[in-house]
Amino acid sequence: MYGWNGRILRVNLTTGETSVEEVDPRMARDFIGGRGWAIRYLYDEMDPQVDPLSPENKLVFATGPLTATPVPTGNRYMVVTKSPLTGALSCSNSGGFFPTEMKRTGFDLFIFEGRAERPVYLWVNDDRVEIRPADHVWGRTVFETEDMLRAETDPRARVACIGPAGERLAPIAAILNEKHRAAARSGVGAVMGSKNLKAVVVRGTRRVPLAHPKELKALADQVVEEVKQAVAAGKATLRTYGTAYVPPVTNEVGILPTYNFRTGVFAGAEAISGRTLNQKYLIRPKACYGCPIACGRVTRVEDPVFGGEGEGPEYETIGSLGSACGVDNLAAITKANYICNELGLDTISAGVTIACAMEMYELGLIPESDIGRPLRFGDGEAVVEMVRLAGLREGFGDLIAQGSYRLASHYGHPEYSMSAKKQEFPAYDPRGAKGMGLLYATSNIGASHMAGDTAYMEVFGVPKKVDPLSWEDKPRLVKYFEDIFTIIDAAGLCVFLSIRYLFEPTYNVEPVRISRLMEYATGAGYDEETLLKAGERVYNLERMFLVRAGFSRADDTLPPRMLHEPMPEGPAKGHVVELDRMLPEYYRLRGWDENGVPTPEKRAELGLP
Amino acid sequence: MKIRIKLLAHYQQYLPPDCSSSSYETEVPPDARVEDVLAGLPVPLEESVVLVNGRTPQPGQVLREGDVLCLFPAIGGG
Ligand code: SF4
Numbered sequence: 197m198y199g200w201n202g203r204i205l206r207v208n209l210t211t212g213e214t215s216v217e218e219v220d221p222r223m224a225r226d227f228i229g230g231r232g233w234a235i236r237y238l239y240d241e242m243d244p245q246v247d248p249l250s251p252e253n254k255l256v257f258a259t260g261p262l263t264a265t266p267v268p269t270g271n272r273y274m275v276v277t278k279s280p281l282t283g284a285l286s287c288s289n290s291g292g293f294f295p296t297e298m299k300r301t302g303f304d305l306f307i308f309e310g311r312a313e314r315p316v317y318l319w320v321n322d323d324r325v326e327i328r329p330a331d332h333v334w335g336r337t338v339f340e341t342e343d344m345l346r347a348e349t350d351p352r353a354r355v356a357c358i359g360p361a362g363e364r365l366a367p368i369a370a371i372l373n374e375k376h377r378a379a380a381r382s383g384v385g386a387v388m389g390s391k392n393l394k395a396v397v398v399r400g401t402r403r404v405p406l407a408h409p410k411e412l413k414a415l416a417d418q419v420v421e422e423v424k425q426a427v428a429a430g431k432a433t434l435r436t437y438g439t440a441y442v443p444p445v446t447n448e449v450g451i452l453p454t455y456n457f458r459t460g461v462f463a464g465a466e467a468i469s470g471r472t473l474n475q476k477y478l479i480r481p482k483a484c485y486g487c488p489i490a491c492g493r494v495t496r497v498e499d500p501v502f503g504g505e506g507e508g509p510e511y512e513t514i515g516s517l518g519s520a521c522g523v524d525n526l527a528a529i530t531k532a533n534y535i536c537n538e539l540g541l542d543t544i545s546a547g548v549t550i551a552c553a554m555e556m557y558e559l560g561l562i563p564e565s566d567i568g569r570p571l572r573f574g575d576g577e578a579v580v581e582m583v584r585l586a587g588l589r590e591g592f593g594d595l596i597a598q599g600s601y602r603l604a605s606h607y608g609h610p611e612y613s614m615s616a617k618k619q620e621f622p623a624y625d626p627r628g629a630k631g632m633g634l635l636y637a638t639s640n641i642g643a644s645h646m647a648g649d650t651a652y653m654e655v656f657g658v659p660k661k662v663d664p665l666s667w668e669d670k671p672r673l674v675k676y677f678e679d680i681f682t683i684i685d686a687a688g689l690c691v692f693l694s695i696r697y698l699f700e701p702t703y704n705v706e707p708v709r710i711s712r713l714m715e716y717a718t719g720a721g722y723d724e725e726t727l728l729k730a731g732e733r734v735y736n737l738e739r740m741f742l743v744r745a746g747f748s749r750a751d752d753t754l755p756p757r758m759l760h761e762p763m764p765e766g767p768a769k770g771h772v773v774e775l776d777r778m779l780p781e782y783y784r785l786r787g788w789d790e791n792g793v794p795t796p797e798k799r800a801e802l803g804l805p
Numbered sequence: 470m471k472i473r474i475k476l477l478a479h480y481q482q483y484l485p486p487d488c489s490s491s492s493y494e495t496e497v498p499p500d501a502r503v504e505d506v507l508a509g510l511p512v513p514l515e516e517s518v519v520l521v522n523g524r525t526p527q528p529g530q531v532l533r534e535g536d537v538l539c540l541f542p543a544i545g546g547g
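Order-wise, the sequence lines are chains A and B. Note that the working numbering has the first sequence beginning at 197, numbered continuously upward. Note that the working numbering has the second sequence beginning at 470, numbered continuously upward.
No lab work stands behind these hints, which were simulated from the structure alone. Some clues are possibly wrong.
[As the list claims (entries may be wrong)] Here are the computed lysine-lysine pairs in the DSS-like style, where the Cα-Cα straight-line distance is at most 27 Å:
| id | chain 1 | residue 1 | chain 2 | residue 2 |
| --- | --- | --- | --- | --- |
| 1 | A | LYS424 | A | LYS413 |
| 2 | B | LYS475 | A | LYS661 |
| 3 | A | LYS410 | A | LYS424 |
| 4 | A | LYS413 | A | LYS769 |
| 5 | A | LYS482 | B | LYS471 |
| 6 | A | LYS476 | A | LYS410 |
| 7 | A | LYS476 | A | LYS413 |
| 8 | B | LYS471 | A | LYS769 |
| 9 | A | LYS476 | B | LYS471 |
| 10 | A | LYS660 | B | LYS475 |
| 11 | A | LYS413 | A | LYS431 |
| 12 | B | LYS471 | A | LYS798 |
| 13 | A | LYS769 | A | LYS424 |
Could you put together the complete structure from these sequences and hints?
Below, the structure is given as structure tokens:
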């Protein structure tokens, strides 16, 4: 095979056995790779009703056909499993260097099954596979674990691991690689913890075989050149500010989550922007493997209370640990970000859960004695302390670590949880970007921007601006974005580059270049149409996993605040999400019945069971 | 009449040198249209998102005293 290695590594943690399997070329093509292959294996092999933290759940690390190729930003992997946060699917994405190294071991996927008796880690050095004891790193932070495991394997090895949060099965625990890059969402870290799998360490030296290397290189070089020209022309927003440039933008359109999504307008938007970050804390930008953009931030905070050094924050972290909590102190946000990375927590879910607790505390719904301190909006020190407690599941942090839905339900008011399918919202108030509302409600992984970020068009004007406040055109837009994000994930690329450079050049969101790159890499017969169809196929199979897990239309919903409480101020003033008007049309366009289930006709069209 | 011009992301390089925030006040003729004001700005319009008070302006929209005209590059991400 080309593009793909065509081999997966299966690791049975219960028996300690590992095995290598060949991949069926037809399955490979029809499900693209990465996220697509992962759901194919999970759907075929696993009962979607199992307890996510039981040995019966399977955990898949999945690279795509463009991972570790010369295609810029071909540096992603996906962690796919049944989520302990949502009970639905997890598809968490991370970049950095681990995924490229993993693909170079000669495997496309690692599938973990069962549960180890004692803590272990997996060490894959090209073909040599070892399950090693990890008692000595159990209880250690992400940073310590990475350093210790590289020291005892290979200094050039790459590490993906969990921190104390994952070990203690926090439903909002993340998996970190290179210390600061996170497959963050849906509690994938807790699944790893439940399997007593502390880390996965890889060292790979194999080159990915390519079907048409010259053509691939030429198109890849052209894309890199375009990015470089944009940078040279002073248009390097992501390199200059990181995604931290966004808070003033979303604030301007009135959708920057503020005070647990009570409003979308935050007086402190400038104070938590990329401009402030550059003036005060930025050391240098940082790129993932093979990326000409470099949106990553290496930062240092010199401050008696919030001092530290690390990476971040990026926009989603600022919106959740910052404005959603009413915090305009960028030092506090950055410190909370460092702690999330160190202890292995999802910054989005942590921030939005703390925001939920703050609102309920201020309303008198959570007694101060339970928290052990006041927890008011705007208190950066409280956010930092709550994040630390959540990462260790100590005191009130034990509730924070379970996410906002469980926390709010514990006090009898789930309506204060700003989540969909129990997963916290990313940093766009959907009342002012209706596509995001439909996306959060219907997404197979719960509320997520990575499931099909229509804010690209609704807010950022990429590839062209559409009215964020209209709902009529959004079902079509959401379906399309979900399908193309599926393709990007499955291929192993980063969304930031792909949307802008691989789906045009004519500024249509058509998969022109990405389908050519896929064909040059694999030679499997991809064109625009087959690739879009494959994206749709994967998305539908993921949906069928949810259906079998017991999800239905009733779960495709949003908190009452989004449906019934009009936005109080700003450009989106007076707006709610017209979900009941969008949902039937969305199901119709998807070929799903009125309960959100793919119809037999749709399944037949896509070649699904 | 006076309006505010707000420039975000890397368009901040086009702010007046003495401007410490992201926006500045400027004097425009009464009944100035959005297009007229944009034409006088040193910003590459074809790659920009333009907002008036946070909303997309209608073609030919006339500005009013106190309006905020905001521009940022079409980039996305986050
Ligand atoms: S754009 Fe940012 S997240 Fe994406 S590959 Fe580049 S540095 Fe990594």
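Problem set entry | Structure-inconsistent hints, enumerated in ascending order | 4, 5, 6, 7, 9, 12, 13
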